[in-house]
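S.K.: Kindly produce the complete structure, drawing on both the sequences and the hints.
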Amino acid sequence: MSAKSEKPPGFRQRTLEAIGWEGVSHFAEKKDVPVHRSMVFYYLGGMALFLFLVQAATGILLLLYYRPSASESYESVQYIMAEVPFGWLIRSIHSWGANIFVGVVILHFLSAYFEKAYRPPRQFTWLSGTFLLFLAFGFGFSGYLLPWNTLSYFATKVGTDVPAQIPWIGPLLSRILRGGSDVTGATLSRFYGIHVAILPATATVLLGIHLYLVQLHGMSVPPKIEREGSVRRMKFFPDFLLRDMVGWLTAVALLAVLCVFFPWELGKKADPFAPAPAGIRPEWYFLSMFQALKYFPATIAGIPGELFGIVGFGVIGLAVLLVPFLDRKAVEGRSSPWWNRIGALFIVAALVLTVLALLPQPGTAAAP
Amino acid sequence: MRGFLRALAGLALAAPLAVIALGAPAPRLAPPAAAAPVNQCMECHLSLDDDTFTPPAKAFRKEDVHAKAGFTCANCHGGDPTQEDMDAAHDPKKGFIGKPTHQQIPQVCAKCHSDAGLMKQFNPSLRVDELSEYKTSKHGQMLVQGDQHVAECASCHGAHGILPIKDTRSPVYPTRVAKTCNTCHGDTALMASYHLPSDVYAKYMTSVHAKAMYEKGDISAPTCNSCHGNHGATPPAVSSVANVCGTCHSVFAEKFKQSAHSRAFADMGLPGCVTCHGNHDIVQPTEEFLGTGPTGKCGSCHEKGDRCDVATTAMHKDIVALRTRIEAAHRILDTASEAGMEVSKQKFDLTNAEEALTKARTDVHELQLAAVRKDADEGLAVARAAEAAGHKAMAERDYRRRGLLLSLFLILSAIAALLYKIRG
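Chains as they are written, first to last, in our numbering: chain R, 1 to 368; chain D, 1001 to 1424.
These aren't lab readings, by the way, just hints derived from the structure by calculation.
For each residue, glycine too, the CB sits at the ideal point set by N, CA and C.
Check before you lean on any hint, since a few could be wrong.
[What the hints assert, rightly or not] Across the chosen pairs, the derived CB separations fall in these ranges:
1. R/H26 with D/L1406: 52 to 62 Å
2. R/K294 with D/T1351: 37 to 47 Å
3. D/A1414 with R/W21: 19 to 29 Å
4. R/L351 with D/F1409: 31 to 41 Å
5. D/L1406 with R/I198: 55 to 65 Å
M.R.: Quick look at the structure:
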């Protein structure tokens, strides 16, 4: 009798069981976020993730019309901007979104640095996040060339010249990047492959690891606030997520305004035989490095000056990766103000160099 | 090596006016030896510190193209440069001629510059016909008659310190030619003696050609020698004006030759292009030249209402209509472009209309209304399409902005709802 009264599980019940919803639901109910005066920085991670998804979605749509060849890429982007319904919107969102995405990732990285979010047990969260920052730069660099316009062509020429300064492996590295001795259609195909396959695949894996580690260890509370006593907590679902969504919608509104009033320009088609126009410079997030390289003399003790700059950038990048293992005071839960000062110094230097690079150079007109 | 050849190129072109040699050509000179013996001319003239004799030696030694090629004073002045004694060095038996006279200069220069065998040792592509050319020039003809003021080689190229013609400081470098000619042709008293105007330089400087040369920096733009010739400088004859202008404006010249004007002008003794466009002070031609109106050029021969007036008025109307339409298309496309609309293809297409406008303006010289109209109609179709595309782009811009308003309303409403929910 009792067996007869037991109803078999319905479709919904069976589906939820099949996807392990109970575990997800349990995790969601349990997940919370510390509440304190610096919690606003927590939204940067969610914002970066949201913009990454926007980039992926718009990038996939652009793939439907984009043709990666020196003879067709410019024309295909022109077609997207002028003929494809809402093509202008998709491309402008992708271009503006890329810049905002890199900006947000940089801010997310800086907030993690100054809030000491790299302390154990989050060393690997930091490592995966820093690699993701480097990947964001890689996305920007590889995507810049794809419209095959004058600015992107010559900026890529300059950019791919830089690794050539490294002794022994430099020329080979530059050749691998370019797919030849110069920036040509082969470079475009290569950058396209890097931009739409290699980087997204790598970023997806790293992002998975990063998010897993964030879920595993939760949000980091800055040591200063930690020392002040217990911290109040907020449910991630729905409280924090609702707030996240306010940020995402604001980003969408900002993107919409930018795309309508300042659609991303296409410029003129690259002409490899034309002289480089005045004012060639890379995207804004490379400007500080670009400007810094200018201050190195042609040679130092017979060694190309630029090489010192490149090695310097490499050392800084390595130091950034290893911060969790170098900042011993933070690891022990003590204050480490010198790391904050070094960080602040680098920010000021990067800002000053960026501004200097943006100023009109003597004898040249600024790039459009 | 390249500097050496450049120096020699200048050498060949510097002395061109030379060889007025009305007699037999002078004996061929041997190329200068690589290691020349001591040049006593320089030793003495430089040490003299004399206002007459020292500056030429200094100028020659400093950067004269001939000195750089190994030539010495004796190559032009004769004498024996190995002799320390002045009388021995200046011995007429050794060919010393001192300062060449006005009449002698072309012959002196031509000793080398008309010697193909010698010149090709320095640069096989150098001309050696400068003297023959000079003989045909007004300058050359008057020099033979004993004129002491007319230009010879040194008048334009200088005597000592002669620079290669590609040197921007050379008086015969394209940007300097007009000023060099004006040294004599701007001299009012001198020109009056030849019954020539002295304002040609001032007029030239107002011309479209001078603007191209000096404002746009186009050194291929015409200057005096482009129309008059250099070594064979002479005013173009009435019958050859169209040929002269046609060396650059070939299509116009060809159309003009096919026109009724070509024969009529010849019958009337009027020069081709110059009759309507002027000569030295040629301004940018416009369609306002057409017709018998106040700005028209036809009024001097034609009357209002005659067949020409009717045809040129119709041409004017067609061309103005096309130009106006192209300008309107440019305006709307520029506005759309500034608003961020992608109209580069339409802008490129519009160049076809501009080409049609140029073609129509060219066809005017053939005086065939049908040809002008055909070009204008083709251009109008392109310009109208570009203008329509510009308007469409502006409509699209407005559509986007309306769409943005709606989107922002929806997004802000969603944000407001979320904030309400968060507060709740």
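S.K.: Please go over all the hints and tell whether each is borne out by the structure.
M.R.: The hints, checked one at a time:
Against the hinted window of 52 to 62 Å, the Cβ-Cβ separation of R/H26 and D/L1406 comes to about 41 Å, which falls outside the hint. Hint check: R/K294 to D/T1351, Cβ distance near 39 Å, so the stated range 37 to 47 Å holds. Take D/A1414 and R/W21: their Cβ atoms lie about 27 Å apart, and the range 19 to 29 Å holds. Between R/L351 and D/F1409 the Cβ separation comes to about 37 Å, which falls inside the hinted range of 31 to 41 Å.
With their beta carbons about 39 Å apart, D/L1406 and R/I198 fall outside the hinted range of 55 to 65 Å.
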